[in-house]
Structures are given as C-alpha cells and as structure tokens.
Amino acid sequence: MVLSKRIVTTLRNLCIPCYRQLPLASEVVAEYIRNRDHPSWTSFFLPYKCVQDDLYGEKHFNFPVDSCNYHILRVGCYPYVKYHCTKRAPQDLNLENNLFKVITALNLGIPCLLYGIAAIFLIKHTDYVHLKGQKPIPIHFLILEDHQ
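In terms of UniProt numbering, the sequence shown opens at residue 1 and continues consecutively.
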C-alpha cells in the first residue's frame with residue numbers, strides 16, 4: 001500500500017504542476033466539520049482536483065476533529081472522493097478498513113468509478129470551505145443537509 005501511495009503521489013505531482021500547493025484533504029474535511037459546528041453526521045463529495053489526497057488508500061478510519069472523533073467512510077469515486085462522517089467514539093476500525101480495501105481491489109474499482117460518474121449528474125448542492133491562503137474549495141452534496 002505504501003508503494004502504491006508513493007506511485008500515485010509521484011504521478012499526481014508530475015501531472016498536476018501545482019499539486020503540492022493544494023490543501024490537504026484532511027484539512028478540508030476537518031475545517032468543514034468545524035464550520036458546521038461538529039454535526040452528528042455529514043456526507044459529501046470532495047473533488048480530487050482541489051486537494052492533495054493525503055488520506056489515499058484509507059477506507060474506514062477514526063478522524064479526530066478538535067475534541068470530537070468521527071468515523072470516516074471514504075470512497076474514491078473519480079472525479080470525487082466521497083466522505084461519510086459520523087460522530088462516534090474511537091474504535092479499532094482496522095478490520096473494516098482492510099476489508100473495504102480488499103473489496104475495492106477485487107472489483108477493480110469499477111463500482112466506485114460508476115458512482116463518481118453518476119454523482120456528476122446527481123449533485124444538487126455545493127458549499128465552500130475557506131482555508132487561509134487558499135481559494136475556496138467546493139464540497140458537493142446529493143441533498144442539502146439540514147442538521148438543526
């Protein structure tokens with residue numbers, strides 16, 4: 001997995017000249033959660049072209065944001081990365097993470113690609129995350145989320 005991540009990162013650096021200047025996906029996700037005042041859940045698409053994918057290869061993992069923990073279910077569905085975030089206590093998610101990696105490898109990522117293509121047509125709402133020194137990063141939703 002480490003070799004795969006290195007290869008992908010090298011290719012992205014070669015193909016996208018400004019790749020290293022893009023914000024980290026983890027920073028964008030954390031800032032969005034903060035901006036929403038730590039919702040109990042959220043689900044959105046983040047365009048690959050707008051971030052450095054520092055979470056590449058991870059499928060199901062704990063993600064601390066301030067004093068809260070989120071279980072992140074992350075799916076690469078080109079041209080997006082889908083994040084489903086649920087506020088929960090930290091757990092050992094290694095088994096699920098590895099299981100989802102195996103499933104993705106076995107199906108060659110084809111369902112994920114189809115999900116990404118479908119998302120292009122199904123996205124109904126866009127918000128923006130503002131990070132200091134960066135242009136606004138779009139975050140797309142299939143529905144407008146109302147957490148009130």
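These aren't lab readings, by the way, just hints derived from the structure by calculation. C-beta atoms are modelled at their ideal positions from N, C-alpha and C, and glycine is treated no differently. Incorrect hints may have been included.
[As the list claims (entries may be wrong)] Derived DSS-like pairs: lysine-lysine, alpha-carbon spacing no greater than 30 Å straight-line:
| no. | residue 1 | residue 2 |
| --- | --- | --- |
| 1 | K87 | K59 |
| 2 | K124 | K49 |
| 3 | K59 | K132 |
| 4 | K135 | K5 |
| 5 | K135 | K82 |
| 6 | K87 | K135 |
| 7 | K5 | K101 |
| 8 | K87 | K124 |
| 9 | K82 | K101 |
| 10 | K5 | K87 |
| 11 | K124 | K101 |
| 12 | K87 | K132 |
| 13 | K82 | K59 |
| 14 | K101 | K132 |
| 15 | K82 | K49 |
[Said to hold, decoys possible] Simulated DEER-style distance windows between Cβ atoms:
| no. | residue 1 | residue 2 | range |
| --- | --- | --- | --- |
| 16 | I110 | K49 | 17 to 27 Å |
| 17 | K124 | T10 | 31 to 41 Å |
| 18 | Y128 | Y19 | 26 to 36 Å |
| 19 | E96 | E27 | 35 to 45 Å |
| 20 | S4 | L114 | 15 to 25 Å |
| 21 | I16 | G57 | 25 to 35 Å |
| 22 | L106 | S67 | 36 to 46 Å |
| 23 | K124 | N94 | 30 to 40 Å |
These are the hints, each one checked on the structure:
1. Simply put, K87 and K59 have alpha-carbon atoms about 16 Å apart, close enough for the 30 Å limit, and the pair holds.
2. Distance restraint check for K124 and K49: the Cα-Cα separation of roughly 19 Å lies within the 30 Å cut-off, and the hinted pair is therefore satisfied.
3. For the proposed pair K59 and K132, the alpha carbon gap of about 28 Å is at most 30 Å, so the pair holds.
4. Of the pairs offered as hints, the one joining K135 and K5 holds, with about 26 Å between alpha carbons and a cut-off of 30 Å not exceeded.
5. Taking the CA atoms of K135 and K82, the gap is about 21 Å. The hint holds against a cut of 30 Å.
6. With a CA separation close to 28 Å, the supplied pair K87 and K135 stays within the 30 Å bound.
7. With a C-alpha separation of about 13 Å, the suggested pairing of K5 with K101 holds against the 30 Å cut-off.
8. Straight-line distance between C-alpha atoms of K87 and K124 comes to about 24 Å, which keeps the hinted pair within the 30 Å bound.
9. Between the alpha carbons of K82 and K101 the distance comes to roughly 15 Å, so the proposed pair stays at or under 30 Å and holds.
10. About 27 Å separates the Cα atoms of K5 and K87, which keeps this hinted pair within 30 Å; it holds.
11. Under the criterion of a C-alpha separation no larger than 30 Å, the hint pairing K124 with K101 is consistent with the structure, at around 29 Å.
12. Between the alpha carbons of K87 and K132 the distance comes to roughly 26 Å, so the proposed pair stays at or under 30 Å and holds.
13. With a C-alpha separation of about 10 Å, the suggested pairing of K82 with K59 holds against the 30 Å cut-off.
14. Between K101 and K132 the CA atoms are separated by roughly 33 Å; this puts the pair beyond 30 Å, and the hint is violated.
15. The straight-line distance between the Cα atoms of K82 and K49 is roughly 13 Å, inside the 30 Å bound, and the hint therefore holds.
16. Between I110 and K49 the Cβ separation comes to about 21 Å, which falls inside the hinted range of 17 to 27 Å.
17. Between K124 and T10 the C-beta distance comes to about 36 Å, which sits within the given range of 31 to 41 Å.
18. Between Y128 and Y19 the beta carbon distance is about 20 Å. The supplied range of 26 to 36 Å is therefore violated.
19. At about 24 Å, the CB distance of E96 to E27 disagrees with the hint of 35 to 45 Å.
20. Checked against the hint of 15 to 25 Å, the pair S4 and L114 passes, with Cβ atoms roughly 22 Å apart.
21. The hinted range of 25 to 35 Å is not satisfied by I16 and G57, whose Cβ atoms lie roughly 18 Å apart.
22. For L106 and S67, the Cβ-Cβ distance of about 38 Å falls inside the hinted range of 36 to 46 Å, so the restraint holds.
23. The beta-carbon spacing between K124 and N94, approximately 35 Å, falls within the hinted interval of 30 to 40 Å.
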